[in-house]
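Engineer: So you can see what is in the structure, the chains are spelled out below.
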Amino acid sequence: MIELKNISKGFENVQVINDVSSVMKPGQCNLIIGSSGSGKTVLMKCMVGLFLPDAGEVLYDGHDFIKMNDEEKKEIRTQIGMLFQGSALFDSLTVEQNVMFPLEMFTKWNYKKKLERVNEVLERVELKGTNKKFPSEVSGGMKKRVGIARAVVLNPKYLFCDEPNSGLDPLTSMIIDKLIMEITKEFKITTIVNTHDMNSVMEMGDSILYMHQGEKEWEGNNKEIIFSKNDKLNDFIFASEFLKDAKDMRMLEETGKIPNERDMSELTHKDADPLIDPD
Amino acid sequence: MKKFISDFGRYILMIKGMFSMPENFKMYWKEFMHQCSDIGIGSLGIVAIISVFMGAVSAVQTAYQLVSPLIPKSTIAQIVRDTVILEFAPTLVSIVLAGVVGSKIASELGNMRVSEQIDALEIMGINTKAYLIGPKILASMVVIPMLVVIAAVLGIYGGRLAGTAAGILSASTYDKGLLEGFLPYNAVFCMVKAYTFAFIISSISSFFGYYVTGGSLEIGRSSTKAVVVSCILILFADYLLSALLL
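Chains as they are written, first to last, in our numbering: chain A, 1 to 279; chain B, 1 to 246.
Keep in mind that a hint or two might mislead.
[Said to hold, decoys possible] Simulated crosslink set (DSSO-like; lysine-lysine; CA at most 30 Å straight-line):
hint : chain 1 : residue 1 : chain 2 : residue 2
1    : A       : K113      : B       : K16
2    : A       : K45       : A       : K67
3    : A       : K133      : A       : K25
4    : A       : K67       : B       : K104
5    : B       : K176      : A       : K73
6    : B       : K104      : A       : K133
7    : A       : K128      : B       : K104
8    : A       : K157      : A       : K232
9    : B       : K16       : A       : K132
10   : A       : K74       : B       : K26
Because the hints were derived from the structure by calculation, they are not lab data.
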């Protein structure tokens with residue numbers, strides 16, 4: 001379990017995160033959502049130790065990561081896998097070498113065993129047969145999957161994903177989301193995902209932390225978020241035209257009538273296509 | 001001034017941060033050998049060309065200035081030898097290497113920083129200063145002095161080639177001149193310079209690359225800065241070492 005206690009972080013005169021506390025629950029997809037510039041990435045980087053918070057504590061199973069010495073931090077980091085926004089694959093290495101890198105650095109396995117493990121995780125992320133390709137030769141979605149394979153190859157306890165859907169089409173985004181969810185359940189990993197993609201929020205949000213201008217604004221899950229009364233959160237989640245339907249659905253619920261599946265589908269089609277005459 | 005002190009402090013901390021137990025010695029060795037090949041083999045061609053021409057020009061210009069019939073022709077070889085060993089091979093080659101190797105190191109590390117590859121290594125629990133910068137500095141310290149020795153040999157040979165081809169002096173006179181009044185200390189001084197310059201080139205370039213912030217524009221800027229600062233420091237160290245050791 002990762003616990004954040006009163007984390008604050010600023011750069012020069014700009015306060016990016018202000019007094020954020022939360023708990024990242026084990027074995028779940030914990031989402032940090034918010035608009036661009038809300039401090040999600042900085043918060044995540046504070047959690048993994050890439051940034052040192054100005055104040056607060058980051059507790060890994062009760063131990064403050066910030067106060068740990070270098071050796072203790074190294075120990076924790078061997079339990080962390082991270083998928084970066086731009087995948088951060090090593091350009092000069094092939095897909096196989098990228099995924100094998102953590103194994104080469106931290107295990108004493110022989111080559112055969114390492115290759116078996118690499119093939120196992122590549123198969124898991126549905127990238128069988130791409131071993132000898134270089135990152136420049138694969139698509140954005142495949143890069144993300146290689147990033148996931150590299151992140152989980154050492155069986156980490158914690159998986160951090162910084163905007164896993166950025167730059168991907170909606171279908172590939174869904175595949176990546178599904179993969180992250182499956183891996184989280186399969187390996188019982190504590191997953192923390194930074195995103196502003198509402199599909200991901202609704203799909204993966206076992207636990208959601210909404211950030212606005214560096215502050216924690218709301219906390220809940222994907223079942224509660226749609227019914228939230230928080231105006232800032234509502235502005236964020238209902239910014240999409242399609243999600244306005246969901247807002248209408250909530251209003252109907254408030255007036256005592258919850259539409260069934262058929263009603264909702266009608267509502268969606270009517271609002272989505274202006275050429276359809278409501279009468 | 002404040003920025004200079006802050007940058008100097010960061011530079012010292014970067015060097016200090018390199019000294020830690022490798023996570024996996026085999027991987028560090030692999031990276032070291034990779035850098036040796038990159039820096040050494042990658043720069044051999046340009047070093048060879050520059051050295052031969054540097055010696056050749058040195059021989060021709062020395063002959064042009066030695067007009068007195070009282071000075072024996074073999075003096076040309078002595079002057080070429082000492083100029084090449086004392087100055088041209090270590091300094092000129094290092095300045096060229098600051099451009100070739102320094103910009104490569106700075107842009108490689110800068111690109112890794114901007115594309116979050118350095119962060120990815122940090123997250124894995126790898127000391128990136130030790131893993132990325134350490135092998136580069138060590139490889140430079142091993143390979144650049146070797147390149148300087150090759151440059152000195154080729155420079156002296158270039159002088160012989162030009163001298164005989166232009167009919168300035170015979171090959172035997174040149175060879176005789178090379179053996180006259182040779183001071184082994186000059187070779188030692190040349191190597192001291194080579195090691196100092198190798199450290200300057202690799203560490204300064206690593207510093208500018210490792211701490212890049214921003215995007216591709218900043219990578220270009222940091223590479224240029226790395227080359228400029230390395231060149232200035234090489235010239236400054238050249239003067240300092242000459243004043244102290246000669």
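Engineer: The structure should be examined with respect to each hint, and the outcome stated for every one.
Structural biologist: Hint check results:
1. In summary, the hint linking K113/A to K16/B is not supported, as the alpha carbons are separated by about 36 Å, beyond the 30 Å threshold.
2. The suggested pairing of K45/A with K67/A holds, with an alpha-carbon distance near 16 Å, which does not exceed 30 Å.
3. Of the pairs offered as hints, the one joining K133/A and K25/A is violated, with about 36 Å between alpha carbons and a cut-off of 30 Å exceeded.
4. Of the supplied pair hints, the one linking K67/A and K104/B is violated, its CA atoms being roughly 37 Å apart against a limit of 30 Å.
5. For the hint pairing K176/B with K73/A, the CA-to-CA distance comes to about 64 Å; that exceeds 30 Å, so the pair is violated.
6. Taken as a hint, the K104/B and K133/A pair is honoured in the structure, with Cα atoms around 24 Å apart against an allowance of 30 Å.
7. For the hint pairing K128/A with K104/B, the CA-to-CA distance comes to about 34 Å; that exceeds 30 Å, so the pair is violated.
8. Under the criterion of a C-alpha separation no larger than 30 Å, the hint pairing K157/A with K232/A is inconsistent with the structure, at around 33 Å.
9. Taking the CA atoms of K16/B and K132/A, the gap is about 37 Å. The hint is violated against a cut of 30 Å.
10. A distance of roughly 19 Å separates the Cα atoms of K74/A and K26/B; the hinted pair therefore holds under the 30 Å criterion.
Hints 1, 3, 4, 5, 7, 8, 9 from the earlier list are contradicted by this structure; the remaining hints agree with it.
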